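Q: Residue numbers (numbering that gives the first Met the number 0), protein chains in the order written: chain P, 0 to 266; chain H, 0 to 322.
The set of hints was computed from the structure by calculation and includes no laboratory data. Computed from a prediction, not measured in an experiment: that's the story for all the values here. All C-beta atoms in this analysis are idealised placements derived from N, C-alpha and C, irrespective of residue type, glycine included. Check the hints yourself; a few may be wrong.
What the simulated footprint calls covered on chain H by chain P, stretch by stretch (three residues with Cβ under 8 Å from a Cβ of chain P suffice, anywhere in the stretch; the number is not a length) [said to hold, decoys possible]:
no.: 1; region: 53-59
no.: 2; region: 77-89
no.: 3; region: 265-273
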Amino acid sequence: MSSSNLRKALTQIWAFVFKNWIIAKRNVFSLFEILFWPVVGFFSVGLLTSFLELDPNKTGFILVGIIAMSVIQVCQIDVAYVLLYDLWSKSLKHTFIAPVHSFQLVLGSWLIGVIRSFFVFLLLSIFSALAFGLDLLRPGIDPLVLFLLGLFLTAASVGMSVCILVLLFGYMADVAAWSLSSLMALVCGIYYPVFILPFPLPEVAQAIPLTYFLAYFRSFYGFDEGFKNVLEWGFGLAGIYVVAEAFLFKVVLQRARKTGVLIKLSE
Amino acid sequence: MALAIKAEGISKTFRSGWWKKREKEALKGIDLQVEEREIFGILGPNGAGKTTLMSILCTLLLPDRGNVYVLGMDGLQDEYRIRRRVNVVSGNANFLWSLTVRENLHYYGMLYGLAGKEREKKVEALIDLFKLGEYRNIPFDELSTGMKQRLSLAKSLINDPQVLFLDEPTVGLDPDVSIRIREEILSIHRERGMTVLVTTHNMKEAETLCGRIAFLKEGKILTTGTAEALKRMVRIGDLIRIEFSGVISEDELVHADGVINYTISDHLCEIVADDGEKRLGNLIALLARGGAQIEKVTIGQTDLEDVFVEFAKSTDSDMGLCV
Numbered sequence: 000m001s002s003s004n005l006r007k008a009l010t011q012i013w014a015f016v017f018k019n020w021i022i023a024k025r026n027v028f029s030l031f032e033i034l035f036w037p038v039v040g041f042f043s044v045g046l047l048t049s050f051l052e053l054d055p056n057k058t059g060f061i062l063v064g065i066i067a068m069s070v071i072q073v074c075q076i077d078v079a080y081v082l083l084y085d086l087w088s089k090s091l092k093h094t095f096i097a098p099v100h101s102f103q104l105v106l107g108s109w110l111i112g113v114i115r116s117f118f119v120f121l122l123l124s125i126f127s128a129l130a131f132g133l134d135l136l137r138p139g140i141d142p143l144v145l146f147l148l149g150l151f152l153t154a155a156s157v158g159m160s161v162c163i164l165v166l167l168f169g170y171m172a173d174v175a176a177w178s179l180s181s182l183m184a185l186v187c188g189i190y191y192p193v194f195i196l197p198f199p200l201p202e203v204a205q206a207i208p209l210t211y212f213l214a215y216f217r218s219f220y221g222f223d224e225g226f227k228n229v230l231e232w233g234f235g236l237a238g239i240y241v242v243a244e245a246f247l248f249k250v251v252l253q254r255a256r257k258t259g260v261l262i263k264l265s266e
Numbered sequence: 000m001a002l003a004i005k006a007e008g009i010s011k012t013f014r015s016g017w018w019k020k021r022e023k024e025a026l027k028g029i030d031l032q033v034e035e036r037e038i039f040g041i042l043g044p045n046g047a048g049k050t051t052l053m054s055i056l057c058t059l060l061l062p063d064r065g066n067v068y069v070l071g072m073d074g075l076q077d078e079y080r081i082r083r084r085v086n087v088v089s090g091n092a093n094f095l096w097s098l099t100v101r102e103n104l105h106y107y108g109m110l111y112g113l114a115g116k117e118r119e120k121k122v123e124a125l126i127d128l129f130k131l132g133e134y135r136n137i138p139f140d141e142l143s144t145g146m147k148q149r150l151s152l153a154k155s156l157i158n159d160p161q162v163l164f165l166d167e168p169t170v171g172l173d174p175d176v177s178i179r180i181r182e183e184i185l186s187i188h189r190e191r192g193m194t195v196l197v198t199t200h201n202m203k204e205a206e207t208l209c210g211r212i213a214f215l216k217e218g219k220i221l222t223t224g225t226a227e228a229l230k231r232m233v234r235i236g237d238l239i240r241i242e243f244s245g246v247i248s249e250d251e252l253v254h255a256d257g258v259i260n261y262t263i264s265d266h267l268c269e270i271v272a273d274d275g276e277k278r279l280g281n282l283i284a285l286l287a288r289g290g291a292q293i294e295k296v297t298i299g300q301t302d303l304e305d306v307f308v309e310f311a312k313s314t315d316s317d318m319g320l321c322v
C-alpha cells in the first residue's frame with residue numbers, strides 16, 4: 000500500500016472516531032453512559048458489599064467484575080453506535096456508498112470506545128480506591144494492561160455482534176446494544192464465580208473470553224476459579240471471535256446489499 | 000461517446016416475510032446505456048422500480064441477474080473502485096442529525112479519504128458554492144428541507160464524482176426551491192461535465208434536466224428517447240385552436256401532414272398535430288384554400304406530463320414500444 004493510500008485508509012478510520020466523538024459530546028445521554036450508569040452501578044454494588052461485611056478479597060472480586068462490565072458496556076456501545084447513529088438518522092446508505100470497508104467502521108468506532116471506556120475505568124478505579132480500599136494497581140501494570148486489552152477485545156466482538164444483528168434484523172435489533180452485554184454479565188460471573196451457575200451455563204461461560212480475563216485479574220486478589228492458561232484461552236477466543244465476526248460482518252453486509260436492507264434502513 | 004453506465008438484463012425480486020414469504024418483482028430485465036457527460040432521466044410512476052434500479056447502478060444493491068458497468072468497471076466486483084468515483088443525492092435528504100453542516104461535510108470527506116487541508120479547502124468551497132455559509136454551524140436536524148437538500152448536493156460533490164446519481168432530488172420541496180435545486184444541478188453539470196442519472200416522477204424535472212429519458216413502468220423500460228421523441232412516440236400532439244368563419248372541409252384535414260386528430264364545431268376547429276408550430280403554416284394555407292377565413296389561432300403545446308399519463312395508463316402491449 001502506498002503512503003497516500005495508507006493515509007486515505009487511516010483518514011477513513013478516523014471518520015468514525017470523529018463521528019462518534021462529535022455525537023457523544025453533543026448528547027447528554029452519552030454523559031450518562033460514561034458517568035451516571037457506571038458510577039451508580041458501581042456504588043450500588045460496592046455499598047452492598049459493605050452491608051454484607053464481605054472481606055476485602057470478596058469485595059475486590061465483585062468490584063473487579065462490575066468495573067470490567069462497565070468498561071465493556073461503554074466500549075461495545077461505541078462499536079454498535081457506528082451503525083446505530085446512521086440507522087437512527089436514516090443515513091446508512093450514505094456511509095456505505097462511500098468506499099469504506101467494514102473493518103474501518105469497526106476499528107474507528109472501537110478506538111473511540113477504548114478512549115471512553117478507559118476514562119470510565121480510571122474514574123471507577125479512583126472511586127474503588129477511595130471508597131472501598133481496592134487497589135487496582137496491586138497486580139502491577141502489565142497484568143492491568145493485559146486485563147484491559149482483553150476487555151477491549153471482548154467489547155469489540157460484542158459491538159460487532161450488535162452491528163451484525165442490526166444488518167440482519169434492522170430496527171428491532173438495536174435493543175441488542177444494551178442486552179447482549181447484560182446477558183454476558185449473567186453468564187461470565189460478574190458477581191459470582193462461574194462454577195455456581197447451573198448446567199450448562201458454566202460450559203457456556205468457558206466459551207466467552209471475558210470469563211478468562213476476569214479469572215486472570217481476580218487471581219491477583221486471591222481467587223482461583225480452576226481455569227488453566229487463562230490468558231491464552233482469553234486472547235485466543237477473543238482473537239477468533241473478532242476475526243470471525245469481522246468476516247461475518249462482511250458477509251452480512253453483502254447479504255444486506257442483496258436483500259435491500261441498506262436501502263430500507265435509509266428510508 | 001464512451002458509456003458511463005451500462006446495464007444488461009438487470010432483474011431484481013425482493014423477498015420478505017419470515018413465515019409467509021412474499022415476493023415483489025421490482026425489475027424485469029433492464030437494459031440501459033448512459034453516455035459520459037449526459038444527463039439521463041429515469042421517469043416513471045411510484046413503484047415503477049426507479050430507486051431499485053438506481054441503487055443497483057450505484058452499488059448499494061445487488062441484482063439477482065444481469066451485469067452493471069460503471070465507468071467501465073464491473074458493478075458486481077469492483078464496488079469499492081466505483082464508489083470512489085460516484086456519489087448519490089436522494090430526495091428526503093438524511094444525514095447525521097446532530098452534526099452541523101460543516102461537520103457532516105467533513106465526515107463524508109473523511110469517508111472518501113480526504114485529509115487535512117485538502118478536505119478543509121474542499122468543504123469550504125462546497126459551503127460557498129451552495130451558499131451554506133450562514134448555516135455552517137447549524138445541526139442538520141434544524142435545517143429547512145431546502146437547505147438539507149442543498150447540503151445533500153454539496154455532500155455529493157465531496158469526492159468530485161464522475162457519475163452523480165440523483166434519486167428524486169426535489170421530492171417534497173416547495174416549487175421555488177425545486178426550481179433553484181434544478182438550476183444548481185444544471186450549473187454543476189455545466190461546470191464539471193459529469194454524467195448525471197436522475198430518477199423522478201416529476202415530468203417538469205425530467206424535461207428541464209434530461210437530455211434523454213427512459214420511461215420505467217412495472218420494472219420494465221418501455222422506451223428511451225428525448226422528451227420530444229417521447230411526445231412524438233405516444234402521438235400526443237400539440238393542440239391548435241383555430242377560430243374561423245366560412246367553411247372547413249374535413250377531407251383537407253384528414254389527409255394533411257402531421258394531423259393526428261381534429262374536431263370541427265361552429266367557427267372553431269381544434270386540430271391535434273404532432274408538431275404544432277411546424278405544421279401551422281401548412282394547415283392555415285390549406286384551410287384558407289378551402290374557403291375558410293382564419294380569425295384567431297392559438298397553439299397549446301404538449302408537455303411531458305401528457306406523455307407520462309399515456310405511458311402510466313397503458314400496458315406494455317398497448318404501447319408496443321421497445322427501447
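Q: Confirm or reject each hint.
A: Status of each hint after checking the structure:
Counting residues of the region 53-59 of chain H whose beta carbon lies closer than 8 Å to any beta carbon of chain P gives 4, which reaches the threshold of three, so the coverage claim holds. Only residues whose beta carbon comes within less than 8 Å of a beta carbon in chain P count, and the region 77-89 of chain H has 8; three or more means the coverage holds. Only residues whose C-beta sits within less than 8 Å of a C-beta in chain P count toward coverage, and the region 265-273 of chain H has 0 of them, not enough to reach three; the restraint is violated.
Of the numbered hints listed earlier, the single one contradicted by the structure is hint 3.
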